[in-house]
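Under my numbering, the very last position in the sequence shown is 309; numbers go up by exactly one each time.
By construction, these hints were calculated from the structure, which means they are not laboratory data. Predicted model, so just to flag it, every value in this text is computed and none were measured. Some hints could be false.
As the list claims (entries may be wrong) - Straight-line alpha carbon distances no greater than 27 Å define the calculated DSSO-like cross-link-like pairs of lysine-lysine that follow:
hint, residue 1, residue 2
1, Lys227, Lys199
2, Lys209, Lys190
3, Lys39, Lys19
4, Lys264, Lys301
5, Lys264, Lys275
6, Lys32, Lys8
7, Lys308, Lys264
Stated by the list, open to error - Here are the computed distance ranges between Cβ atoms for each label pair:
hint, residue 1, residue 2, range
8, Leu3, Asn292, 51 to 57 Å
9, Arg170, Pro125, 54 to 60 Å
10, Arg13, Gly110, 38 to 44 Å
11, Lys19, Lys275, 50 to 56 Å
Beta carbons: idealized from backbone N, C-alpha and C, even for Gly.
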Amino acid sequence: MDLAEIYKEEVWRYHGIPKRIISDRGPQFASKFMESLCKALGIERNLSTAYHPQTDGQTERMNQEIEIYLRAFINYRQDDWTRWLPMAEFHYNDKTHAATGQTPFFLNYGFHPWKGNITVETTNPTATSLIEELENVREEAKAAMEANNEMMKERGNNKHHKEPFAEGDRVWLETTNIHSNRPTRKLDHKRYGPFEVLKQIGDRSYKLKLPDTWAIHDVFHTSLLTKVRDPEFDSQKKPTPPPPDIINEEEEYEVEEIRGHRRKGRGIQFLVHWKGYGNEDDSWIPRSSLENAEEALSEYKAKLPNGKL
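Produce the complete structure using the sequences and hints provided.
Dropping the structure here:
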């Protein structure tokens, strides 16, 4: 389906013909056909350029918010993002925007959407599951957006007033120069941690206590670090990772989820997310070391095409 058909099906039949279209210079927008069509219908075209991205600034801000939402909900392989787009769109359109003081829903329809009023318990397990999922997603989306707003404020404050870190401080580390195992950087986490500051190196760099599984240099410039602020409420505190179990006189950590696999020599390694630990502690583990994680392995294989590695 070409762009004109998509506009007809998804935009024009619901909202009428627009007076202006703001877009990037993708070939589907900058084509002679679209130029002629817009001219014939009296539609003004504003095409942004790489040197003047502010032309499409509103769309860029919206994309950033959608990315924040998706980042909070997609799986580790990032292959289920389309499932979350409808809820991301709803959340964005039901959010009050600073520029207008209103939600896009209200400006478009003149009323706020009704989001349900759960007062009666249903006896249908499928309906109950869907209701619980919608409620959880809505609350988690709100929390994710609020957390991102706080992070952006911290970044802004750090740019203008960067206090030196002291030994023992806990900091967040920007993922700018760190390559993760996930397919797309755009939907990956923007920072890792928190990590403990071990000591200052020179005027503006610090050595951090990183996980043993990280095979990278442990000294980072202050511009990549943000001090962790103590939470105001107990509910905001990050739980302490649980101690390992002792099995056959050896430490063993609980596997929460298998997130990926790769060929290594003649065998297969699995990317393991440990229960109670952050993503920065994920590690590649050979199949032979996962004999007590058969359930997690089965769940991972069930998500793969045809259930095969």
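A quick look at each hint next to the structure:
1. Lys227 with Lys199: 14 Å, holds
2. Lys209 with Lys190: 19 Å, holds
3. Lys39 with Lys19: 11 Å, holds
4. Lys264 with Lys301: Roughly 18 Å separates the two Cα atoms, so the pair holds.
5. Lys264 with Lys275: 24 Å, holds
6. Lys32 with Lys8: 18 Å, holds
7. Lys308 with Lys264: 17 Å, holds
8. Leu3 with Asn292: 51 to 57 Å: Holds: the Cβ-Cβ distance is about 53 Å, inside 51 to 57 Å.
9. Arg170 with Pro125: 54 to 60 Å: 43 Å, violated
10. Arg13 with Gly110: 38 to 44 Å: 19 Å, violated
11. Lys19 with Lys275: 50 to 56 Å: 54 Å, holds
Violated hints, in rising order: 9 and 10; the structure is consistent with all others.
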